[in-house]
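Top to bottom, those sequences are chains A, B, C and D. The numbering used here puts the first residue of the first sequence at 6, with every later residue one more than the last. The numbering used here puts the first residue of the second sequence at 6, with every later residue one more than the last. The numbering used here puts the first residue of the third sequence at 33, with every later residue one more than the last. The numbering used here puts the first residue of the fourth sequence at 33, with every later residue one more than the last.
Simulated from the structure, these hints should not be mistaken for lab results. Treat the hints with care, since some could be wrong.
Claimed, not checked - Heads up, simulated PhoX-like pairs for lysine-lysine below, C-alpha to C-alpha not over 20 Å straight-line:
no. : chain 1 : residue 1 : chain 2 : residue 2
1   : C       : Lys-218   : C       : Lys-184
2   : A       : Lys-214   : A       : Lys-27
3   : B       : Lys-171   : A       : Lys-161
4   : A       : Lys-276   : A       : Lys-289
5   : A       : Lys-161   : B       : Lys-161
6   : B       : Lys-161   : B       : Lys-171
7   : A       : Lys-171   : B       : Lys-276
8   : C       : Lys-236   : C       : Lys-184
9   : A       : Lys-278   : A       : Lys-289
To be verified - Derived coverage of chain B by chain C (criterion: at least 3 residues anywhere in the stretch with Cβ under 8 Å from a Cβ of chain C; other residues may be distant):
no. : segment
10  : 9-15
11  : 31-37
12  : 135-144
13  : 215-229
14  : 278-284
All of these numbers come straight from a predicted model, not from anything done at the bench. Just so you know, even glycine gets a beta-carbon here, dropped at the ideal spot from N, CA and C.
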Amino acid sequence: MGQSYLELREATAARDRSLREKVMTLEEAANLVNNGDHVAIGGCTLSRTPFALIWALIRAGKSDLSFSRSITSTEGDLIFASGIGKHILTSWFSQGIVWGISKIMRAYTESNRAQFEEWSHMSIGLRYRAGAMGVPFMPMRSMMGSDVAAQLDNLKEIDCPFTGEKVILVPALNPDVALIHVQRCDAYGNAQIDGLQFMDIDIAMAANKVIMTTERIVSNDQIRRSPDQTKIPFIAVDGVVEVPYGCAPHECFGMYEPFFDHLDMYATLTKEKSEEGVAEYLEKFVRGPADWSEYLSLLGMADILDASRRGRSIYND
Amino acid sequence: MGQSYLELREATAARDRSLREKVMTLEEAANLVNNGDHVAIGGCTLSRTPFALIWALIRAGKSDLSFSRSITSTEGDLIFASGIGKHILTSWFSQGIVWGISKIMRAYTESNRAQFEEWSHMSIGLRYRAGAMGVPFMPMRSMMGSDVAAQLDNLKEIDCPFTGEKVILVPALNPDVALIHVQRCDAYGNAQIDGLQFMDIDIAMAANKVIMTTERIVSNDQIRRSPDQTKIPFIAVDGVVEVPYGCAPHECFGMYEPFFDHLDMYATLTKEKSEEGVAEYLEKFVRGPADWSEYLSLLGMADILDASRRGRSIYND
Amino acid sequence: MTESTPYTASELLAVMSGRLLTDGQIVFAGVGIPLLAATLAQRLHGPGLTILFEGGTLGPFVVAGELPPSTNEQRCTRRANMLLPITDVLLLLQRGYVDVGFMGGAQVDRYGNLNSSFLGEPSNPAVRLPGTGGGNDIASLTQMIVAMKHEKRRFVERVDFVTSPGFLAGGTTRADAGLVSGGVFKVVTDLAVLGFDATTKAMKVDALHPGVTPDQVRDNTGFDLHIDDSPTVTEPPTDAELQVLRHLDPERLYTA
Amino acid sequence: MTESTPYTASELLAVMSGRLLTDGQIVFAGVGIPLLAATLAQRLHGPGLTILFEGGTLGPFVVAGELPPSTNEQRCTRRANMLLPITDVLLLLQRGYVDVGFMGGAQVDRYGNLNSSFLGEPSNPAVRLPGTGGGNDIASLTQMIVAMKHEKRRFVERVDFVTSPGFLAGGTTRADAGLVSGGVFKVVTDLAVLGFDATTKAMKVDALHPGVTPDQVRDNTGFDLHIDDSPTVTEPPTDAELQVLRHLDPERLYTA
């Protein structure tokens with residue numbers, strides 16, 4: 006964030022972009038994130054959330070991280086409540102429409118213990134896109150006249166030198182790290198994404214480091230057989246971790262839908278016991294389990310089968 | 006081109022964007038193009054060139070058209086020589102590297118009978134992209150200091166209000182019409198594109214009218230079974246024409262490679278007889294045939310089979 | 033057509049909103065009432081109407097009894113014509129491909145500005161709300177229909193925070209701010225359908241719903257509202273409309 | 033290793049260019065000599081080197097005997113890692129993902145500026161050339177290697193038209209113009225490998241090819257060129273290098 010073009014170029018030139026295997030464990034991946042980093046989170050709301058990576062960052066006891074995401078759900082509660090980050094840049098922040106306003110988001114922001122920096126959804130997408138394109142800003146036509154724009158100090162309004170029209174310029178956002186979860190990628194990081202892409206491609210190309218979790222690692226031969234299906238190229242990826250159900254309790258398109266019973270349980274817990282409830286949740290589901298498999302077993306086989314059945318059903322038509 | 010945002014909005018609002026069938030003949034499609042229009046051509050060099058549409062525009066006797074394309078090949082010669090257009094905005098203009106400099110391009114531009122407006126390849130792509138995004142310009146970092154920029158009068162150089170860095174702004178290009186050829190689309194215009202996309206998606210979204218030719222019209226059900234494969238949405242498409250081998254003698258990814266013997270013949274003809282040669286070519290292959298099938302039969306069954314065999318071979322690995 | 037069938041306030045909102053949509057429009061809709069209204073219009077008078085979901089879905093077919101829970105999960109993509117990145121879906125608004133956007137909000141004011149960010153003083157709010165999402169972009173870039181319950185605490189003189197711009201301070205202030213297109217088209221409530229004065233851009237009553245009195249509307253509105261002396265009255269929901277609604281949402285998830 | 037095997041000028045260009053590439057680099061290459069040089073480097077010392085084609089291909093595997101005729105047709109995509117839109121491939125240069133770009137040109141001058149647009153006065157040219165293509169973008173945004181035949185008519189004091197910027201007027205003029213990164217790295221010809229003075233940015237001879245005299249180079253150069261009194265001499269192409277080249281291009285399409 007806030008890098009000059011030369012700094013961005015130097016950071017990118019310093020990355021090992023060679024065709025190389027970069028498969029690692031969740032713990033090793035978490036070590037790629039430095040305290041103080043700005044971390045962009047892929048997916049949107051309950052979809053393709055890189056939940057295992059956020060889970061690993063909390064377990065690794067990271068601190069002073071700032072985050073950004075198109076729309077923020079329960080992972081935002083966990084970021085605030087675990088103490089790994091006190092700042093989230095996003096356009097909407099709560100568990101999900103059906104569950105109402107997040108008690109945790111309210112508790113932390115209303116007491117100024119943490120900040121929810123609100124931008125319009127499109128402006129966040131264009132900030133990532135500018136970062137991905139290597140330009141310092143992107144022009145846009147929304148937010149003008151609103152208090153959303155009024156409370157932001159890094160927007161510029163200019164008169165278009167071609168048409169004289171007012172346009173807003175939003176600054177490029179080049180995250181220090183991007184966390185992305187995909188259905189398939191190879192050991193080099195060439196990723197295929199099914200269904201909704203959200204902002205993942207721009208996030209990956211904008212970031213100075215990309216950590217990718219995947220349901221499955223496939224051969225590079227398979228990737229090369231349909232190169233027009235590759236959505237993120239290996240040259241932008243710094244770490245690959247195979248994590249089945251890596252978005253649970255959120256969804257991964259075509260593989261599993263959200264674990265609704267678990268999310269209802271979480272909603273009730275935080276509504277009834279607020280911060281105490283999320284603390285219990287973190288202890289039981291994040292810090293407690295010995296590993297990811299043990300975490301999944303806490304979600305329960307029945308829920309995993311049910312979420313998977315619903316997830317795969319998108320291909321039943 | 007050069008529309009204000011309100012004019013662009015009004016032009017778009019006036020288009021029938023409803024879910025409707027829009028299948029028509031090549032002749033009907035040509036009638037959608039008005040004399041004086043700026044026409045953007047999809048594909049690049051010898052690939053996915055909407056050749057049948059250009060063929061139809063010449064046969065319809067259009068005039069005063071201006072054109073733009075990422076890289077221009079033999080279709081550019083035919084545009085100049087047929088008289089349908091005297092202005093082509095592009096980054097590179099000749100039949101192809103292996104055939105050397107186009108005699109026809111040279112004859113028309115060196116005598117100032119036609120104009121080849123030269124922009125850097127990326128700047129053309131960003132002009133279409135700005136048009137597709139509904140913004141008046143796009144910032145970029147190339148062309149500075151070069152004579153390519155010096156001879157263009159609609160570029161702006163500014164100091165970035167965030168970083169102070171010099172950036173060039175290129176104006177949005179919203180073509181009056183875009184000509185696109187795809188492997189598959191439905192009767193509404195939902196298009197799937199295999200292989201190289203070139204600038205086709207930005208061109209389609211930027212244009213005020215899109216005419217799409219396709220090797221094959223598939224059912225809307227088939228499109229809906231894999232919506233993440235749709236590259237151009239029906240809401241942006243105004244006409245659909247099924248034209249097998251619609252790029253011949255150029256290539257269509259995965260279906261047929263360029264008709265090299267024909268292209269060698271054309272190269273020899275224009276090298277030896279220059280304008281007289283291209284006039285003969287236009288008479289025999291464009292104005293002469295009764296219809297597209299007769300044109301294809303002039304290319305010859307042997308060449309069609311050979312080009313198809315080579316085209317499909319991309320999937321043999 | 034009989035007008036005897038009873039209906040809920042949510043059904044009334046969905047029906048009245050759906051009637052504002054016309055065939056062939058591209059409608060940017062959230063789940064709940066907006067989606068029901070758009071689908072109702074599609075089924076009854078707009079077969080060529082296209083629904084857009086913020087999560088990246090263009091032209092889905094909404095299966096009766098399988099309404100999606102949000103606009104960003106795979107359930108929204110059933111039989112869609114296209115899936116796009118979020119940024120590109122929102123850019124369709126900016127490029128001008130979208131005819132109508134559907135919005136809600138915690139507060140709306142005289143000039144149709146919407147607040148979904150803060151209740152109370154933004155620097156020290158009584159309630160931090162979930163925020164704009166795509167609301168600001170939709171309200172900035174296309175015609176918008178606002179559907180919400182008609183309550184005094186929601187219909188306020190001035191919203192605590194302009195999350196999604198309506199006509200700002202009225203008159204030409206919206207265009208002056210650089211928002212040259214779009215604006216609030218209608219506000220649909222359980223009491224009335226409201227529009228905006230062509231010049232002042234102040235909210236006014238277009239029509240009252242059957243059995244609603246002007247005083248009822250005034251009592252539930254936090255600012256002066258123009259109502260004609262003999263206001264038009266909306267056609268009550270028809271059996272056909274209610275049947276389609278109840279077919280779409282048999283479990284009354286959004287229409288209870 | 034023997035040095036006795038005869039080789040063509042094109043083979044010399046490919047070998048000398050290939051030696052400038054290192055393992056793991058991302059190389060933006062056109063067809064012909066650049067592709068041969070990059071593939072040679074890949075096979076001999078850079079298995080992790082990645083080739084980018086302007087048409088939209090990232091990391092293809094070049095099959096021996098099946099060299100593509102251009103960078104924009106399907107033959108370039110054989111066993112590629114990814115296919116991208118053209119604009120996005122060029123944006124990889126701007127974003128900084130690319131290490132080296134390979135260029136040619138009709139003219140190059142003292143400061144490494146390249147002309148592929150006009151011979152003669154641009155407003156009334158003797159020859160209208162095909163133009164920049166991606167050349168201007170590559171030259172503006174990354175380190176570039178220029179590979180061309182060493183002829184007086186090509187190595188000129190000042191190019192007729194700056195299509196692809198080198199160091200412009202030398203010194204800091206490139207950066208002053210806003211091109212803060214990239215620049216001409218080396219110029220490889222059939223006579224020598226040339227570099228640029230760290231301060232003046234004027235072209236100079238780094239090394240002569242075996243059997244080439246300083247005068248030969250001067251006679252074929254249209255401007256003053258610094259050559260050390262005892263210039264280094266390049267290692268001639270090895271059998272291994274020539275074998276790979278001839279395996280890649282058995283029909284001598286680009287190496288005749």
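Results for each hint:
1. C:Lys-218 / C:Lys-184: Holds, because 18 Å separates the two Cα atoms, which is no more than 20 Å.
2. A:Lys-214 / A:Lys-27: holds (13 Å)
3. B:Lys-171 / A:Lys-161: holds (16 Å)
4. A:Lys-276 / A:Lys-289: The given pair, whose Cα atoms are some 17 Å apart, holds under the 20 Å limit.
5. A:Lys-161 / B:Lys-161: It holds: about 18 Å lies between the C-alpha atoms, which stays within 20 Å.
6. B:Lys-161 / B:Lys-171: holds (10 Å)
7. A:Lys-171 / B:Lys-276: Outside the cut-off at roughly 51 Å; violated.
8. C:Lys-236 / C:Lys-184: Judged against 20 Å, a Cα distance of about 15 Å means the pair holds.
9. A:Lys-278 / A:Lys-289: Holds, because 15 Å separates the two Cα atoms, which is no more than 20 Å.
10. 9-15: holds (count 4)
11. 31-37: violated (count 0)
12. 135-144: holds (count 4)
13. 215-229: holds (count 3)
14. 278-284: violated (count 0)
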